[in-house]
Each structure stands twice: as C-alpha cells, then as structure tokens.
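4 protein chains.
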Amino acid sequence: MSTYGTLFRVTTFGESHCASVGAIIDGCPPGLELSADDIQVQLNRRRPGQSDLTTPRNEKDAVQLQSGLERGVTLGTPIALLVRNEDQRPHDYSETDLFPRPSHADYTYLEKYGVKASSGGGRSSARETIGRVAAGAIAEKYLRIAHGVEIVAFVSSVGKVHLPTTAVAVDADGDDDDAPEPLSPDFRALLANVSREEVDKQLTRCPHPETAERMKQRIMRAKSASDSIGGTVTCIVRRLPPGLGEPVFDKLEALLAHAMLSIPATKGFEIGSGFRGTEVSGSAHNDAFVRRRDGSLGTATNWSGGIQGGISNGEDVYFRVAFKPPATISQAQTTVQYDGTPGTLAARGRHDPCVVPRAVPIVEAMAAIVLMDALLMQKARQAAASLLPPITTLPPTMVLPPKVNVVARRVNGDDVDV
Amino acid sequence: MSTYGTLFRVTTFGESHCASVGAIIDGCPPGLELSADDIQVQLNRRRPGQSDLTTPRNEKDAVQLQSGLERGVTLGTPIALLVRNEDQRPHDYSETDLFPRPSHADYTYLEKYGVKASSGGGRSSARETIGRVAAGAIAEKYLRIAHGVEIVAFVSSVGKVHLPTTAVAVDADGDDDDAPEPLSPDFRALLANVSREEVDKQLTRCPHPETAERMKQRIMRAKSASDSIGGTVTCIVRRLPPGLGEPVFDKLEALLAHAMLSIPATKGFEIGSGFRGTEVSGSAHNDAFVRRRDGSLGTATNWSGGIQGGISNGEDVYFRVAFKPPATISQAQTTVQYDGTPGTLAARGRHDPCVVPRAVPIVEAMAAIVLMDALLMQKARQAAASLLPPITTLPPTMVLPPKVNVVARRVNGDDVDV
Amino acid sequence: MSTYGTLFRVTTFGESHCASVGAIIDGCPPGLELSADDIQVQLNRRRPGQSDLTTPRNEKDAVQLQSGLERGVTLGTPIALLVRNEDQRPHDYSETDLFPRPSHADYTYLEKYGVKASSGGGRSSARETIGRVAAGAIAEKYLRIAHGVEIVAFVSSVGKVHLPTTAVAVDADGDDDDAPEPLSPDFRALLANVSREEVDKQLTRCPHPETAERMKQRIMRAKSASDSIGGTVTCIVRRLPPGLGEPVFDKLEALLAHAMLSIPATKGFEIGSGFRGTEVSGSAHNDAFVRRRDGSLGTATNWSGGIQGGISNGEDVYFRVAFKPPATISQAQTTVQYDGTPGTLAARGRHDPCVVPRAVPIVEAMAAIVLMDALLMQKARQAAASLLPPITTLPPTMVLPPKVNVVARRVNGDDVDV
Amino acid sequence: MSTYGTLFRVTTFGESHCASVGAIIDGCPPGLELSADDIQVQLNRRRPGQSDLTTPRNEKDAVQLQSGLERGVTLGTPIALLVRNEDQRPHDYSETDLFPRPSHADYTYLEKYGVKASSGGGRSSARETIGRVAAGAIAEKYLRIAHGVEIVAFVSSVGKVHLPTTAVAVDADGDDDDAPEPLSPDFRALLANVSREEVDKQLTRCPHPETAERMKQRIMRAKSASDSIGGTVTCIVRRLPPGLGEPVFDKLEALLAHAMLSIPATKGFEIGSGFRGTEVSGSAHNDAFVRRRDGSLGTATNWSGGIQGGISNGEDVYFRVAFKPPATISQAQTTVQYDGTPGTLAARGRHDPCVVPRAVPIVEAMAAIVLMDALLMQKARQAAASLLPPITTLPPTMVLPPKVNVVARRVNGDDVDV
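Protein chains in written order, with the numbering used here: chain A, 1 to 418; chain B, 1 to 418; chain C, 1 to 418; chain D, 1 to 418.
Please note that a few of the clues may not be correct.
[What the hints assert, rightly or not] Computed footprint of chain B on chain C; a stretch qualifies when at least three of its residues, placed anywhere within it, have a C-beta under 8 Å from a C-beta of chain B:
1) 24-31
2) 63-76
3) 144-150
4) 370-378
5) 382-389
[Stated by the list, open to error] Chain A is faced by these chain B residues, among others (derived, beta-carbon under 7 Å):
6) Lys112
7) Asn286
8) Phe289
[Stated by the list, open to error] Which residues of chain C face chain B? A few of them, derived with a C-beta cut under 7 Å, are:
9) Leu7
10) Thr392
11) Thr397
12) Leu400
13) Val404
These are calculated hints, taken from the structure and not from any lab test.
Computed from a predicted structure; not experimentally measured.
All C-beta atoms in this analysis are idealised placements derived from N, C-alpha and C, irrespective of residue type, glycine included.
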C-alpha cells in the first residue's frame with residue numbers, strides 16, 4: 001500500500017497528471033521547529049531540470065504545508081503537505097498508447113488494477129517520490145537535532161564508471177583465500193568524511209571529481225545516443241544510536257532494503273561488505289571489538305555496516321543501491337501492442353538519461369524515514385524498561401543498566417583507543 | 001517485531017535454549033489439506049547435521065501442530081506449531097561470556113534490551129528460522145496447489161567459487177557500451193529448468209555438479225582452517241500470477257528484499273539483472289514485449305526479473321541473496337571484553353563453516369510467505385473490482401475486463417510466438 | 001494514530017485553523033465511477049449551519065479531489081482529498097486561554113504532546129470528521145453498487161426524549177423472568193424500512209415526526225439556557241453479505257465499536273439487543289433459524305444484531321451510539337486555570353447545543369469504512385479458498401462449497417418461509 | 001485476525017478440541033521478573049468449574065511458558081505460552097450436527113470459512129480467551145510494577161439484578177432537565193475503593209454482598225430452568241498516567257471498546273457516564289477542573305471516565321460491558337437444520353448459565369493489554385520529544401516542558417484541594 005512505518009508513518013498520494021502529489025506524515029514528535037524551507041531544500045535536489053544531465057522539465061515543486069504545525073512548531077499531529085502538478089490534464093490519446101512501454105509499469109498496472117492512468121504507470125511515476133523526500137526531510141531534521149545523525153548519499157557508479165575505491169576485481173573462478181579487504185581504505189575514508197556539500201559540488205553527485213567527470217561523459221554519451229544508463233548510489237549514516245532494528249522480521253538492514261527497493265528503478269541493495277563480503281573468510285570478515293576513548297565499545301573494521309543481528313551497533317551504517325537504466329528512451333524499440341500486434345515504439349516526451357544524481361536525496365529520505373521509525377520503536381522499549389527495578393538475579397554479563405534516549409557519543413572511526 | 005505479513009501473517013517465537021521454537025500462521029486459506037509431513041520435509045532440509053558440510057549436531061526438529069486443523073484440513077484459523085529444543089538448559093557461565101563475540105549479536109542485543117540470553121544473541125539464533133520454514137512450507141503448498149507456483153532456490157556461489165554462468169568480468173574503469181548481457185544464456189536456461197531434486201543431489205545444493213564439487217572443497221578448506229566462508233543463494237519463482245505487489249512502498253521486490261535481509265547473516269539482495277544491470281544501457285536492458293502462443297503478452301528477455309513497477313508481470317521472478325561468512329569460528333580472535341579489557345576469544349561449540357546449503361529452504365520459505373501475502377492482497381482487489389459494472393467512459397487501452405483468481409497460464413520461456 | 005483500516009485504509013489530517021482538513025483513502029477498488037458530488041452530499045449533511053439547531057457558522061466545506069481518479073473513474077491508487085479551512089489564522093490569545101476548558105481536550109492534548117494548538121484540542125475538533133465523512137461516502141458508494149448495501153442512521157434520542165419504541169421500563173430490582181422483548185415490534189419495523197430521505201425530513205434527523213418535534217423543543221430549550229444536551233444515534237445496515245468480521249480480535253462488532261467510539265463526544269455503543277439483552281434469558285434471546293423463500297437460512301428474531309461469533313450472518317446489522325452533551329456551553333463555569341488558580345470561564349464562540357443531528361452522517365461514514373475493510377478481507381479469503389479442490393474427507397455438515405463475492409440475496413425480514 | 005496491538009502485540013491460537021490453546025506476546029519490556037504463577041492466578045479465575053454457578057468441567061489449564069524468558073526475567077523477545085486441551089479428540093458426529101445452534105457461531109463460521117470445526121464455532125470457543133488472560137496478566141504485572149496501575153473488574157448486574165447504586169430510573173418520556181447525576185455517590189465510592197479481593201469473596205464476583213446473593217439466586221433459577229441469563233461487568237482502572245490514547249482513530253475509549261467487544265458474548269460498552277450521560281445537560285455533565293494537593297490538575301466529577309478527547313487525563317478510567325445470556329441452553333429449541341428442515345434441538349454438554357463471573361478476569365486482561373500498548377506508544381513520543389530544545393516561540397499556555405515516563409502521582413479522588 002502507500003503507507004510506510006509504524007510510529008513514524010508516511011502515506012503518499014498522487015500520479016503525474018492529477019491535481020497534486022504529497023503525503024501525510026503521522027507521528028512526528030511534537031515540539032520540533034519546522035518550516036517549508038526545511039523540506040524545500042531536499043525537494044530542490046530531487047526536482048527535474050537541475051542540469052543538462054537531467055530532464056529539461058523545470059517544475060517548481062513548491063511544497064505547501066497543510067496541517068500539523070502552528071507558528072512553525074510541530075503539534076505531534078499529522079503533517080499533510082502537497083505539491084501542485086503543473087500539468088494536470090490527462091494525457092492525450094495517441095498511437096503510442098497502443099503499446100505497453102518495455103520495462104515500464106504500463107502493462108503491470110493494467111494487469112493489477114484493470115484500469116490505468118492515461119499517463120501510463122500511475123503511481124510508478126517519479127513524481128510519487130516527492131512525498132517521500134518531504135517526509136524524509138522532516139525525519140532527518142529530528143534525527144539531526146535530537147541525535148546529531150548525519151545522512152549523506154552520493155553516486156558511486158554510472159554504468160561501468162565506478163568510484164575507483166570500490167573497484168575490486170572479481171576472480172570468479174579463483175579459490176584464493178587471501179582476499180583483499182572488501183572495501184579499500186580510501187573508500188572507507190571517503191565514507192567517514194564525505195559531506196552533502198561535497199556531493200553537490202558535482203552535477204553527477206559523485207564526490208570524487210575525476211570520477212564525476214567521467215560519469216558526466218558517460219551520461220552525455222547515453223543522452224546523445226537517445227539511450228540511458230544505470231548506476232549505483234551509496235549512503236552513509238553517522239552517529240546513529242545503537243539498539244535500532246527490531247528482530248526478527250524487522251532487522252534494520254531488512255527495513256533499509258525494503259525502503260530502498262521501494263524506490264522506482266531499483267534492482268539491488270547491499271549493506272556493509274555486501275556481495276563482496278561473501279567471498280572472504282570469516283576470520284577476515286569478523287569485526288573485532290575495540291575500546292573507544294570514551295569507554296564505549298566499537299569495532300575495528302565495520303564490515304558489518306553498523307548492524308549486527310539486525311540491530312545497530314553505534315558504528316556507521318552504509319549501504320549501496322542499484323538503479324537500472326531508465327526504461328524511457330527515445331530510440332525506436334521493436335515490441336508488440338497490447339493486443340499482440342508487432343510494431344515499433346518511439347518514446348514520447350523528455351526524460352533523464354540517468355536517474356542516480358536525482359536519486360541521491362530520495363535514498364537519503366527513505367533512510368531517514370526508516371531510521372526515525374526504528375528510533376521511536378526503540379525509545380518506547382527503553383523508556384518502559386527504565387522504570388523496572390534493577391535485575392539482581394542474572395549474571396552481570398547478561399545485564400546492562402536501563403537507559404532512555406541513547407545518543408551516539410562519537411563520530412565513528414576517529415577515536416579508537418588501541 | 002516478530003510478525004510478518006498483512007493477510008498471511010506469520011509470528012515466530014523462541015531462542016536456542018528455551019522450551020521450544022515455533023510460529024503462529026494466521027490467514028491460511030481454509031480447506032487446504034495439510035499434514036505435519038508437508039512441513040517436516042522442509043524442516044529436514046534446514047536442520048543441522050545433514051552432511052559433513054554442516055554442523056554435526058543432529059537435532060530431530062520434529063514439528064508438532066497445535067491448532068487450526070481438523071482431520072488434516074485447515075480451518076482458516078491460526079495454525080500454531082512448535083519444535084521442542086533438545087537442549088533446554090540455559091547456557092553455563094564461562095570465561096568466554098566476558099567477551100561479546102565479534103560480528104555476533106551479543107553486543108547489540110545487550111545494547112537494545114539491557115538484558116540478553118545466556119546463549120548470546122537470543123533471537124538471532126538460526127533456530128529462529130524453524131518457524132519461518134514451517135510457515136513457508138504451508139504457503140508454498142497453497143501456491144502450488146492453487147496456482148501451480150514453483151519456488152526453487154540453490155547455491156550460486158561459495159566464496160569466490162561461482163556458478164560459471166554468472167561470472168561476468170567487471171570492467172570497472174571501462175566505458176564500453178557494448179555490454180554483454182547481464183546473465184548468460186546458460187544461466188538463464190538453468191533458471192528456467194532447475195528443480196529441487198537436482199539441487200538436493202549435491203550436498204552444497206548447487207545444481208551444477210562441477211561447481212558443486214569445487215564449492216565443497218572450498219567449504220572443507222574453511223572447515224579445516226577453523227575458519228568460515230560466505231556465499232550466495234539464487235531463487236527462481238515460476239508460474240507466479242501477474243499483478244502481485246502493492247505500489248508504492250510494498251513493491252514486490254521491496255517485500256522480497258525485506259524478507260531476504262531478515263534472514264540471519266544476509267548482506268545483500270538483487271533482483272533480475274541486479275547490480276550488473278546498472279552497467280548496461282537502457283536499449284540493452286529493456287524487456288521488449290512478445291506475444292505468447294496463448295495470446296498473452298510476455299517479455300523477450302526478462303532482465304526485470306518478473307517485476308515491473310513493483311508488480312509481477314507473469315514472467316519468472318528470480319533474485320540472489322548474499323550471505324556473509326559465519327561469525328562463529330574456532331580460530332582465536334583478538335578482541336576486547338564488555339568492559340574494554342583486551343583479550344583473545346576462542347569460540348565454543350560446533351558450527352557451520354558455510355551457511356548457504358542450509359539457507360536454501362529458508363530463502364524458499366521467505367519467498368513463499370511474501371508471495372502468499374501479496375497474492376491474498378491482490379485477490380481482495382480483484383474480487384472487489386469484478387463486481388463493478390463495466391467501465392465505458394475510458395479509452396480501451398486504459399481498461400481491462402475485471403477478473404478474479406488469475407492463474408499463470410504457462411511455464412515461462414517455452415512458448416514465445418515470434 | 002490517524003489511520004484506520006487494513007485493505008481500505010483511511011488517513012485523515014487537519015486541525016480547525018490550519019490550511020485544510022482532509023484524508024487519503026488507499027485501497028478503493030479500481031474502476032468505480034466517482035465524482036466530487038458523491039462525496040459532497042454527505043459533507044453537506046455534516047456541515048455546520050444547516051438549521052437553527054446547529055451552530056450558525058455556515059462553511060462551504062467544498063471537497064477538492066487531488067488524486068486517484070482519471071475521467072471520473074478510480075484507478076485503485078490513493079484518493080487524496082481536502083477541504084479548505086475558511087479561517088486559517090491561529091487563534092488570538094485571550095484570557096480564556098489560561099483555562100483548560102472543562103471536558104474538552106485542551107488539558108489532555110497538552111499533557112500528551114507537551115504542545116497544543118492555540119485553538120485548543122487540535123485534532124479533537126469536529127472538523128477532523130470531514131475526512132472521515134468523505135472516505136465513508138466512497139466506501140458507501142462501492143458497497144451500494146457492488147452489493148446493494150444500505151446504511152441509514154438516525155437520531156434515536158435527545159436527552160430523555162426517546163423514540164417511544166425504544167423505551168422499555170427498566171425494573172432494576174426486579175427478578176421477573178418474563179422479560180419483554182428487548183425491542184418493540186414497531187421499532188423493529190422502523191429499522192427494517194427507514195430511509196435516509198425520511199430521516200432528512202426532520203431537522204433533528206429523527207424519522208418519527210412527533211418525537212422529532214419534542215427533540216427539537218428539547219434542543220431549543222438547551223440553546224436558550226446557554227446549555228447543551230446529549231443524545232443517541234441508531235444505525236441500520238441492510239443487505240450486508242454474511243461472513244464479514246475477523247475472529248478473534250477483529251470481530252465485526254468490535255470493529256464497529258472501535259469506529260464509533262473514535263467519533264468525538266461518544267460515550268457508548270451497543271449492538272442488537274445491547275444492554276437490554278443482558279436482562280433477558282437465553283431462551284428468549286436466542287435467534288432461532290428459519291428457512292427463507294430463496295432457500296437460505298435467516299433468523300426469526302435477530303436480537304444478535306446481524307452478527308454471531310463476530311461474523312455477519314446476513315441479517316440486518318443495527319447498533320446504537322451514545323453522544324454526551326457538547327462540552328462547549330456559553331454559561332459561566334467555575335473551574336481552575338492551568339496553574340491551579342480558581343476562576344470562572346465563559347466559552348467563546350458559537351456552538352451546537354446538540355451534536356446528534358450532524359453526527360448522523362459521521363456514524364454512517366464510519367460504518368461504511370469498517371464494512372468496506374471487512375468486506376475486502378473476506379473477499380481475499382473466499383477468492384483464495386475457491387481455487388482449492390473440494391474437501392472430501394470431512395463430514396458434510398462441516399463443509400460448504402467455496403464461493404467468491406457473496407452478495408446478500410434478500411432484504412432482511414420480508415420473506416421468511418415459515 | 002488473531003493479533004492485537006502495535007507495540008505490545010498479542011497473537012492467540014487454538015480451538016476447543018485441538019492440541020493446545022495459547023498466545024505469543026511480543027513487545028513485553030525486557031527485564032521484567034515473571035513466572036508462570038503470575039499468569040496462573042488469572043487463568044484460575046477464568047477457568048470453568050470454580051463453583052456451582054459455572055460449568056462443572058474442571059480443567060486444570062496449567063500454563064506452560066515456551067520462550068522469551070531466562071531465569072525468570074523477560075528478555076524483550078516474544079513470550080510464547082500454551083495450555084494443553086484435556087480433550088483433544090475431534091467431536092463425534094451426531095444428529096445435533098445437522099443444526100446450526102441458534103445464536104452460536106456454527107452458521108457464520110461455515111459461511112465465512114466454508115469449513116468449520118466439528119465442535120462448532122472454532123475460535124468462538126471460550127477457551128480462546130485463555131491466551132488473552134495470560135497476556136493480560138503479563139501486561140498487568142508491568143503496569144503495576146512500573147506505574148502502580150490497579151485494574152479491578154466486577155459483576156455489576158445479572159439479568160435485572162443490578163448493583164443498586166447503578167440503578168437510576170429512566171424517564172423515557174420526560175423532558176426534565178433536573179437530571180440526577182449519572183452515577184450515585186455510593187457507586188462512585190465503590191469504584192474508587194473496590195479491590196480484587198473483595199470481588200473474589202463472592203462467587204458471583206459482585207462486591208456488594210446483598211446484591212451478590214440475589215444475583216446468585218437469579219443464576220441458580222436460570223440453571224434449574226435449563227436456561228441462561230446475561231449480565232454486565234464494570235471495570236475500574238486507577239493510577240493510569242495521563243496522555244494515553246492516540247487521536248483520532250485510536251482514542252483510548254475506542255481501543256477499550258474494540259477490546260471489550262472482541263470478548264465472546266459481548267453486546268455493549270459504555271465509558272464514564274455512558275448512555276446515562278446522554279440524558280443530562282452539558283452544564284451538569286462537564287467535569288470542572290480542580291487543583292490537587294500535589295499541584296496537579298484533576299476533575300471534580302469525572303463523568304468523562306478518565307478520558308477527554310480520546311486521551312487519559314489522570315483520573316480513574318471506568319467502563320461497563322454488556323454480556324448476553326449464553327446461547328447454549330439445554331432446553332429444546334425450535335429451529336431449522338442447515339438444509340432448512342424444521343426440527344427441535346436440545347443442546348449437548350454442560351454449560352455456564354451465566355458468563356459474567358468468569359468474564360471478570362477476561363475484562364481485566366483486555367483492559368491491561370490495551371493500556372500497555374497505549375502506554376508504550378506514548379513513551380515513544382515522550383522520549384523523542386524530550387530530546388528537543390525548549391520551545392520559545394509559542395505562548396506559555398500552549399507549551400508544557402517535555403517529560404519521560406509520567407507516573408500517576410496520586411490515587412484518584414482522595415486529595416482535592418478545594
């Protein structure tokens with residue numbers, strides 16, 4: 001359905017040619033200072049027309065807050081918001097309507113609902129993500145103010161152009177145990193330090209200038225060939241409190257995977273060492289514990305990606321999301337009509353040759369929504385447990401004193417006491 | 001939490017040293033013939049002690065049905081089932097308890113709950129998956145009888161030993177557009193035809209005998225080194241009806257990703273062309289439509305993995321899941337105690353050097369649970385829509401006559417009329 | 001939270017002085033013809049300013065559909081709708097703000113959220129029900145078109161002025177077994193036949209002209225005394241298919257009770273014979289089965305109110321809801337300020353002296369929402385069960401052939417074959 | 001379905017003739033000391049065979065804890081528990097099976113599921129409530145230890161025999177404004193002070209000895225007439241923290257109504273002044289605020305029943321539940337068979353002539369489950385809000401300093417400072 005979350009609950013609405021798109025965000029903590037600007041900044045990073053690399057449509061996408069606030073403070077009640085669609089007319093009928101567009105949702109929406117929007121896949125439109133980005137901006141503001149959480153996503157590959165630091169040759173036939181580390185030290189340093197500002201310095205949103213330039217060329221080449229190209233987005237979350245994620249079905253990585261694969265055009269998700277981690281031995285992959293200067297425990301390597309047993313451990317959470325090449329291309333495609341008649345379809349309209357630069361704020365938004373909901377779940381548990389009398393009947397290694405509102409005490413990676 | 005699903009709802013319980021583990025399955029269609037044997041067959045494929053490749057503990061894991069059935073027929077009411085734990089004593093205290101085990105859930109469970117089971121990570125125990133496998137066996141039986149759905153998972157890699165057909169050299173620096181197809185024809189043929197019987201012929205559950213032998217050697221090498229190794233499991237679903245998956249947050253691939261990443265030790269998920277698909281151009285990646293002999297539409301290539309816009313399209317659904325190397329190794333590890341004291345930890349007990357062979361039925365089970373729930377959601381919609389009068393005010397390409405209980409009409413891939 | 005329902009899911013938003021109030025309705029069956037008029041008709045019955053009996057504010061409350069439709073047909077995607085608030089300015093501060101208003105939500109909202117809207121109880125405003133009434137109108141349209149369901153609510157009491165047919169003297173000390181029937185034959189006839197048109201002929205929405213006149217006088221007396229008065233609303237649902245309601249926690253009467261008690265100012269709910277039914281013996285209360293002319297089974301008496309074991313049985317569902325006297329009265333009230341300082345509060349603004357006439361469409365709406373959701377749940381089950389092979393191993397009294405889309409075949413009560 | 005709750009989640013299973021009945025309780029706070037005895041005490045109050053007034057079957061109903069605990073301390077993971085059914089054989093077929101029993105669930109279960117248990121209504125069996133009572137005992141223990149909450153239910157009427165203090169003559173035709181108070185001072189005193197011990201001194205669980213004796217006679221008269229009789233149960237909750245209940249659909253009274261109407265045989269629910277409160281004027285019904293000795297605000301009258309705007313206000317919550325006369329009577333009943341053939345049915349087996357004495361712990365259990373879940377919801381909000389910086393931009397009457405873990409500071413009613 002169109003609702004995500006248990007305690008921080010986001011419900012989105014809208015297709016590309018209806019009156020508006022938007023969302024209701026229920027469960028936002030009361031007392032948060034919030035303005036339309038807090039939301040607009042991420043909508044602007046998502047909207048089309050930002051550069052030559054994206055679709056030339058330049059929609060304003062100005063958010064209108066409807067409820068849940070008074071004098072710039074959240075009331076704890078549902079925050080409704082919407083963005084008007086500039087073009088609200090239903091799509092005019094044309095010969096291309098006889099064809100389900102290859103790898104689009106035209107066909108499946110019709111199979112599912114028995115009726116579809118004239119514009120095609122209805123809710124599979126990228127405009128649906130406006131509601132998510134807005135909701136994510138609210139979640140992110142709370143996480144930042146209350147816990148200092150930082151969420152930064154960036155483009156890690158376009159086609160075969162990868163951030164060099166992620167490039168590890170796959171030896172598919174090899175049986176060599178001496179595997180290199182799943183991720184290079186350079187890439188781990190980038191993860192530890194990259195800022196949203198650095199990301200936005202590049203049109204491609206790849207914070208490695210040389211790679212960014214090659215990505216740009218790859219996208220322009222797809223564009224000039226009336227074709228498209230895929231890519232990946234990597235996201236890092238810093239200063240996340242430990243203890244988030246609900247065993248067993250709602251492990252934190254499961255929630256993140258769910259959220260990321262719900263973004264249009266996604267085909268894969270990996271966390272921490274991911275698919276590369278399957279190729280190394282346990283002795284190389286295990287994250288040994290270390291003592292931090294503040295007395296807390298951390299891990300030396302963090303191949304786990306900040307999550308163990310489905311629960312955050314206080315280290316950085318990082319993951320990568322795969323986006324397929326956009327299905328809309330202006331090249332002619334040989335395919336068949338709904339009734340099976342063979343023919344050739346040339347796409348109408350303008351489109352993005354590559355979605356990953358604009359996907360960056362969407363990935364950040366979905367991460368924020370997931371983490372916010374998981375945080376509230378854990379706060380309920382901790383607040384409840386903290387009222388119980390101390391446990392005296394269990395061995396000390398089984399017990400930790402109850403606490404409320406755990407705040408991450410350090411920025412990951414900078415203060416190992418070894 | 002410990003519940004998955006909306007209409008087919010599975011709630012599991014149990015740790016490794018409590019009285020029993022099990023599940024309540026709510027929402028199973030009434031009138032299904034079901035016996036303990038239907039469930040036991042998958043539990044047997046999951047249980048430890050099946051071969052030298054797995055942990056030598058040989059637990060019987062005999063399922064006991066508690067409710068929801070009479071004379072071997074489901075009543076539509078909750079089916080409770082449990083498996084007794086052979087060893088129900090709490091773990092005895094030892095010096096190893098002073099250490100949180102690296103890459104285990106000991107530390108995070110204690111951070112989350114403030115108390116943990118003496119056995120360590122509590123619900124992160126592999127025994128928790130017994131309830132899932134049992135629930136999946138029920139879902140699978142319905143899907144097979146009512147819709148002919150086939151679900152087959154198999155091991156596609158162990159360490160660097162991959163099914164050769166999946167091996168495609170990654171040219172990370174290249175900007176070559178002439179990408180090979182994301183998956184080889186051989187591998188696609190294997191996907192189309194592999195059976196559970198073929199999978200079980202190999203101890204490693206890799207249905208390619210030569211690769212299976214090399215995988216076995218890789219696992220034995222890890223075992224003899226007191227180490228462990230990761231791997232991947234690929235799963236194929238055939239004859240799935242079109243129309244499953246709920247836009248926008250509950251896209252079918254999002255639900256599958258959620259379910260797979262909720263399995264212990266998983267680190268990644270990709271569907272269809274997956275991460276490889278991000279490297280090719282849209283013109284190569286788009287799945288052109290073709291007319292099947294039965295008049296229905298199919299796709300020529302299926303890089304989408306049977307899902308477009310989050311909704312199944314009637315083609316085979318296939319995906320791959322990454323499993324990290326098991327964290328429990330008997331090698332000594334340098335780490336620190338809960339209080340930060342440095343030391344060396346040598347794991348207690350016996351363990352699997354590689355989990356993927358036993359993970360195969362767990363992946364199948366979680367797939368079945370997801371698909372069953374998605375199917376019931378869609379049945380509600382279709383049954384409701386079928387009572388409405390025909391739509392006469394929309395253009396014909398926007399409308400399809402309503403129908404109930406869509407059954408996939410063909411086995412994918414064998415009857416393209418081109 | 002602000003979401004109701006599993007498959008037909010309604011999320012409302014808005015306070016009295018924000019930009020708009022409204023709702024997202026997710027899960028509406030695709031292919032339903034729907035216009036703003038279908039919704040506006042019930043909003044008009046709910047809005048203030050309809051007569052002298054209600055608050056003189058005359059707000060237009062014109063609904064604006066945002067999404068989920070194209071050319072007047074539902075797409076199966078979320079339907080967002082909103083109604084602009086005429087007065088969007090935050091409330092100006094005045095001395096009355098020092099007082100939590102007695103029996104209002106001012107105090108509890110502040111306790112719950114730590115911050116409250118200047119207008120007082122925020123979401124406890126009657127304007128919040130606009131989203132519900134709109135959602136209910138959509139549900140009702142589907143139920144009527146697809147199943148012929150009729151939902152009619154009416155005012156059954158105002159203060160001590162009751163529809164005479166419901167008046168049964170309570171003999172609190174008596175131990176007489178010869179109890180009269182819980183409801184009189186006249187009242188049962190009214191339930192069987194009353195139409196929304198008859199209800200709307202009376203300003204009080206009591207379809208019994210003489211009683212309606214006395215109710216009107218009672219309300220006017222409260223108004224002239226700067227006071228208020230409570231009342232009850234009774235609702236009847238005809239032609240509801242059997243089989244709705246989900247044991248055990250979501251019994252149909254439990255869902256109805258939940259929905260009704262979520263309406264502002266409600267204090268009680270009873271179904272069928274209700275509280276009166278507790279006073280009679282089982283032999284008088286049991287509903288003997290009878291054979292209808294069409295061959296189906298019905299019941300002779302229907303004290304059960306159309307529900308047995310939490311599941312609808314095909315008879316009329318009827319229930320009664322208690323509304324307290326409105327808390328806002330312009331009489332001066334002796335109370336204390338937030339800081340405990342004693343004082344006298346005289347209410348600001350205009351208000352309804354009695355809410356029940358305007359509550360009638362709200363009760364109908366919540367009933368429609370509940371029944372729509374329960375219907376979709378049951379359709380999923382029936383469609384799934386209908387694909388299974390016939391059960392041959394159970395005695396015939398335990399089995400009924402599977403069916404999909406059960407439609408009630410008769411109007412209750414008119415065709416008993418006895 | 002068979003699951004209740006969001007954060008404290010109870011899933012029950014079992015019919016009367018299967019292997020066992022029980023529940024999984026997910027979300028219990030970790031670190032709670034809990035033993036089987038804590039649960040057994042309430043199961044004993046529920047079980048049949050307690051006295052001449054109930055069914056003579058004497059089942060032990062001994063609870064077996066399966067998971068979620070170690071050494072008597074909750075781990076925060078799912079607590080599974082079960083009670084073996086003594087008689088696990090399916091019911092033998094007999095002529096009575098040809099009849100759907102009047103006012104039972106036989107008919108509706110068959111309509112809903114297309115198959116039913118041989119014992120009749122399957123999950124409508126009173127044995128299903130065992131799982132609820134066990135779950136409620138756990139919730140109640142937390143509420144008592146952490147917040148001092150007291151929950152006491154008692155029988156307030158059997159047939160026409162009412163606790164005299166609740167008896168208020170209804171003047172159905174009257175238009176007298178000078179209404180008496182909805183509840184008498186004596187009854188309010190009983191509410192404020194009644195203990196579970198006093199309740200259990202009477203076989204009928206009515207804590208007013210004289211009335212209890214008359215109730216007993218009424219029940220014995222029903223029993224000797226092979227008939228049955230209904231009744232009501234009143235429940236009081238003391239020391240409940242303010243702020244519980246989630247606007248708008250999950251108002252606290254709506255959740256309680258849902259929970260109570262999900263108990264078998266219930267027909268009505270009223271809270272605070274309830275149906276009586278509809279007959280009085282607002283000026284008499286409004287609860288003026290008063291200042292307590294501890295500085296907090298309370299109300300002088302509490303006709304609201306401790307809830308305003310759907311949120312608890314710190315006063316006692318009290319409500320009343322209607323139970324119909326049991327449908328199973330050994331008198332012969334004229335009815336028809338499933339196929340419409342007229343006939344006479346005499347009930348098999350033994351039964352309770354009146355359910356209300358045994359319903360008392362069930363009402364308490366469902367109240368505890370509802371309140372526990374609502375409490376956890378509120379704890380999440382409060383803990384989250386408490387980390388935000390102080391609000392400086394709103395007028396002081398709109399803001400309250402954030403707090404975590406509000407504990408009710410007084411026993412209601414004893415310390416008004418007026």
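Check: What are the numbers of the hints that this structure violates, sorted from low to high?
Finding: 10, 11, 12
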